[in-house]
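J.: Following the hints, position chain B against chain A.
Protein chains in written order, with full-length UniProt numbering: chain A, 1 to 632; chain B, 1 to 632.
Don't take each hint at face value.
Because identical chains share one entry, a pair is satisfied inside a single copy or across any pair of copies.
Under the rule of at most 25 Å between Cα atoms (straight-line distance), these lysine-lysine pairs were calculated in the DSS-like manner [claimed, not checked]:
1. Lys166 to Lys425
2. Lys395 to Lys425
3. Lys611 to Lys166
4. Lys214 to Lys148
5. Lys17 to Lys169
6. Lys425 to Lys169
7. Lys395 to Lys321
8. Lys479 to Lys321
9. Lys190 to Lys322
By construction, these hints were calculated from the structure, which means they are not laboratory data.
Quick caveat, the model's predicted, so the values are computed rather than measured.
Protein chains: 2
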Amino acid sequence: MGQNLYLSNYELNEAIKILFEKIEEKGSYEEIDTEKTCGRITWEPIYSVISSPFYNCSAMDGIALKSESTYGASEKNQVELKEGEDYIVVDTGDPIPREYDCVIMVEDLIGNKESSVKIYKSAVAWQNIRPLGEDIVENQLIIPSNHKIRPVDIGAMLAGGVNKVKVYKSPVVGIIPTGTELVEPGSDLKVGDIIDFNSRVFSAQVLEFGGVPKRYGILKDDYELIKNTLIKAVEECDIVLINAGSSAGREDYTADVIRELGEVFIHGVAIKPGKPVIMGKVKGKAVIGIPGYPVSAYFVMESVVKKLIEQYIGFEGKELKKVNAIISRRVMSSLKYHEFVRIKLGYVGNKLIATPLTRGAGATMSLVRADGILEVPQSVEGIEAGKQVEVKLLKEEEDIRNTIVCIGSHDPIIDILSDLIHVKKKDYYLSSAHVGSMGGIMALRNGETHIAPIHLLDMENGEYNTSYIRKYLSDKNIKLIKCVKRIQGLMVQKGNPLNINSIKDIAEKNYRFVNRQRGAGTRLLLDYNLKKLNINPKEIIGYEREEYTHLSVAAAVRSGDADCGLGVYSAAKMMNLGFIPICNEEYDLAIPHEYLELDIIKGLLEIMKNKEFLKELEKLGGYEYSEVGTII
Amino acid sequence: MGQNLYLSNYELNEAIKILFEKIEEKGSYEEIDTEKTCGRITWEPIYSVISSPFYNCSAMDGIALKSESTYGASEKNQVELKEGEDYIVVDTGDPIPREYDCVIMVEDLIGNKESSVKIYKSAVAWQNIRPLGEDIVENQLIIPSNHKIRPVDIGAMLAGGVNKVKVYKSPVVGIIPTGTELVEPGSDLKVGDIIDFNSRVFSAQVLEFGGVPKRYGILKDDYELIKNTLIKAVEECDIVLINAGSSAGREDYTADVIRELGEVFIHGVAIKPGKPVIMGKVKGKAVIGIPGYPVSAYFVMESVVKKLIEQYIGFEGKELKKVNAIISRRVMSSLKYHEFVRIKLGYVGNKLIATPLTRGAGATMSLVRADGILEVPQSVEGIEAGKQVEVKLLKEEEDIRNTIVCIGSHDPIIDILSDLIHVKKKDYYLSSAHVGSMGGIMALRNGETHIAPIHLLDMENGEYNTSYIRKYLSDKNIKLIKCVKRIQGLMVQKGNPLNINSIKDIAEKNYRFVNRQRGAGTRLLLDYNLKKLNINPKEIIGYEREEYTHLSVAAAVRSGDADCGLGVYSAAKMMNLGFIPICNEEYDLAIPHEYLELDIIKGLLEIMKNKEFLKELEKLGGYEYSEVGTII
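So here's chain A without its partners, still in its complex pose (with noise of 0.2 Å):
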């Protein structure tokens, strides 16, 4: 695009180090009371101001005395004391008197005379006392520098007699957002307008990262509007983040004003997605612009944001936790840049596999979906399938082991599945990618997936599923778990105003069809009806227009970008369409034998055999489940 004419290409730690060096913030404090202090960082070593306890004070409950009255006591000799002249009864915690220097506990005392007790053994000094400065002694030190506050630090300081503690000051971060098409979450959209979700992204990561969010309103694109916000912001805030779109047009206003107003350093780093982010100052303040896809927008955040915010608060957060994996699929990579690329992660056959996700920067879904991220670095051309890899983790290792990794065909009730399962045995989880049943197939093959949901129709003998395992999985031991007939069929606009009643017409009126992706068992359903009417292809518009997933076909048709598409009934009915019945299909779950043994699996079916599961499926309607849950 534009920009890459005159972008630079810095190295990303080059440029962070660039960054550190034009801004040189040291971060400075505020004193706050020590009881809201949790999660903040210590700016000095904290010493205890007072000894904790900071009297003698007894252990027990008995009573305190002089040890040398208890001399020669024994079982023989039991030695009588009278209360107020030999001793005193102590609670737990009490002063022990300077006169007395230790204490018999209540247990060892005989006799429950008003005013007199009994001993029978003699006690030494400081027996059951707990001295002074036990627990703290004045001027230790209780905690150091640099040190993130947890409860019991809390509890330590305040025995210490540590009252008010300093500790790091949050930068406060302004977050511009800017772009004539942004609307606000929840307005009345149209065509056009971009909800501005990331500088709310952006809030929630600034907190997480110890900084204080401080979102300013959105700004059309107009140079002197954004200079004078900036102006602003640089005087309100310690950091400052401008959201700009990644199109050429926008960043220059960005890079112009921070350049008319202060200094630009970089403008353009070699890391993918994330490339066209601006790195500058306005007032000694650090001015960071920041691309406008979300998913470029958030490796800006994690790499280069969060370094700069720990260099306020005077605390590292912890690096993520890598693990080694076997990367499924060839990762392509430009010896341009340092890429980012997000990753799927299951423990297939005590195998831990990657799989890359879309690589979109505009797919937000690819982030929540991603157990991990792996790092191509610049000089690395691509990664072959196979390979060893280093992930680094963007989830609990555990949740992982527990995740059920589910490839291919899509349809509702995998949702569903995904969701039950979580809430009904809470450290399980299932995670499906959607691409398609011979999608599935491959991935079964190359040991990817635990289960591949699929409904493929054998052309030859119009037999579901079984036929493709022999043929594709004829190696492997797999079984089938069976789970539901659905009804495929024409997906139409509601009330289906065009009058369309079978693929014939599709060819013939000449209407607007949306395809699935190559593989899609929908898609070879479409193939097979085309062959026995002996319909070319070629004859159906929008054929070559792919979709991946049942509910984007129902919503292109409902758009009106098509006419039709071919789907199931549960799809059409969410969207509410209209639906022509073409057949009714087996949607079945394929998996290698030996994972039925898998706790996680086990689970899997109990659920499917859930009451809740069940209702489920009346409710998206079009599914006949006799079956669901047999094993063949």
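T.: Showing chain B alone in chain A's frame:
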């Protein structure tokens, strides 16, 4: 103690099971703005309301046009297109009008005329177009139930048109501190006062667990007062914690009050520390009586209240990570209790060594200093030194790897080193245990420590440290990192009112002395002098009274408990005491030579030569450091 006679002794998990059955709390939800949901737990699955993008938009900067108008275009046969008629100019993200079906990017356009371009290759339908729903399709599952919301989830939800989210309501947890002896932090302390820091620690913990703390003012031990406050609290809160002291009398109140207003089902659980916990309910709300000793309270909060709060928020925090370690000392344990032992961990010679910390239930510092928790089940009577044990980590394993373990004699400069090293080398830590010089020698012998600060005077030849190393560590190659010469002397009241001038005086004039523990170099120094003076230790009043650090001795003297004690000048100065010099001794760090190669030790040596460190030594006073950091 008294309550043992009537307290029950439920196994912990059994007690919690009973508690949950009695409370049957399922939690409730609240609906809040999506942008405010970070860290909250989803109450139900979140499905998108709109698609993202919700219209077909351009994936590039370029022109939008009909693919058919490009057919036949080639290098030789370039096709000219007119703006407005054949195409419109689009930026990335701009909507594609219905009449167009593809985008050609600006880089593939020829000519810079105002209103026309030439193209040299044909385009296909949907090229460079982000179709409606490419990222998120309407009605698609975005995140499941019981999911802890992250910043990226907020982005996806807002992009999917989800502007409000049902999340679990955080339970309000009432905290009622009781105890006539309790005072607020910061009040003028008099003997007998106990600072109420527990309720502040609880508040911080409740927040950590996902609840909302509501702290009530301190209550005197008054039945009616506690009763009326509890009535109010169960109205205002979902869970109520009453922090009774662990002494019998006070605890009876709590149990009786709960019993009068509702039901007590558990009083006493088989854990140590933490035994005297009370579990009950009032008006269906859980009321927990928590022991007063801070360490007991901590474990009850972690093992009972945490799980209780998790019930309300539908989310279980991760279990603490476990590591295997070698226990360095015998751990005694009672068959009556499941015991929680606070552990100091150190990677010493590639072995992870677990050293038990003091067991006292009042020792808040043992929680601050703990790296992990060793749980000794009820069925186990004790663990022998050298055995492998499983320790739950309270710190990052990596931080423990970067921690210098320092066991031996205490001097204030150790505190300064442990602060400076972390300030100067962010990833490095020094953790010290004060067990005296001989304790340090033994720790070196058992391989429990990297370095051992010692100042051991050879009674025969008056030589320091070296002869003890020869004697006790002959089988190891031990080096000495020279540290300081420091002045040892008698610490006395400011101005020396008793006019104490020598150790001889103490015996002759029967001054009250405070001694150091067996194995402390300072105690050996005393014994050395007593021997020289032919004084029998029995003649010294308080010879048997043992303190573990110079500061504790100084504190004892200043409080007037003792007239004098032996210690270093810096401690006397800190506590503003009088000081009578006795001798100049050598305080060095003994270290196995192989550890000199460790980065953390190299870091330490740097710090010891650092100007800032020497400046601190000057401030403390009484040190001579010409040789500091040299190795012999």
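J.: Now tell me if each hint is right for this structure.
T.: Here is how each hint holds up against the structure:
In this assembly of identical chains, Lys166 and Lys425 lie within 25 Å of each other by CA distance solely across copies; the values are 21 Å between and 45 Å within a copy. In this assembly of identical chains, the alpha carbons of Lys395 and Lys425 lie at most 25 Å apart only when taken from the same copy (18 Å versus 29 Å across copies). Within a single copy, Lys611 and Lys166 get their C-alpha atoms only as close as 57 Å, which misses the 25 Å cut-off; across copies the closest is 24 Å, which meets it. Proximity of Lys214 to Lys148 under the C-alpha cut-off of 25 Å is found in both arrangements, the shortest distances being 23 Å within a copy and 24 Å between copies.
When the C-alpha separation of Lys17 and Lys169 is checked against a cutoff of 25 Å, the pair qualifies only within one copy, where the shortest distance is 23 Å, while the shortest distance between copies is 43 Å. When the C-alpha separation of Lys425 and Lys169 is checked against a cutoff of 25 Å, the pair qualifies only between copies, where the shortest distance is 21 Å, while the shortest distance within a copy is 42 Å. For the identical chains of this complex, Lys395 and Lys321 are neighbours both inside a copy (9 Å) and across copies (14 Å), given an alpha-carbon limit of 25 Å. Taking identical chains as interchangeable, the C-alpha atoms of Lys479 and Lys321 are never at most 25 Å apart, the minima being 36 Å within one chain and 37 Å between chains.
With identical chains, the CA atoms of Lys190 and Lys322 are never at most 25 Å apart, being 43 Å at best within one copy and 53 Å at best between copies.
Going down the numbered hints, you'll see the structure goes against 8 and 9, while the others check out.
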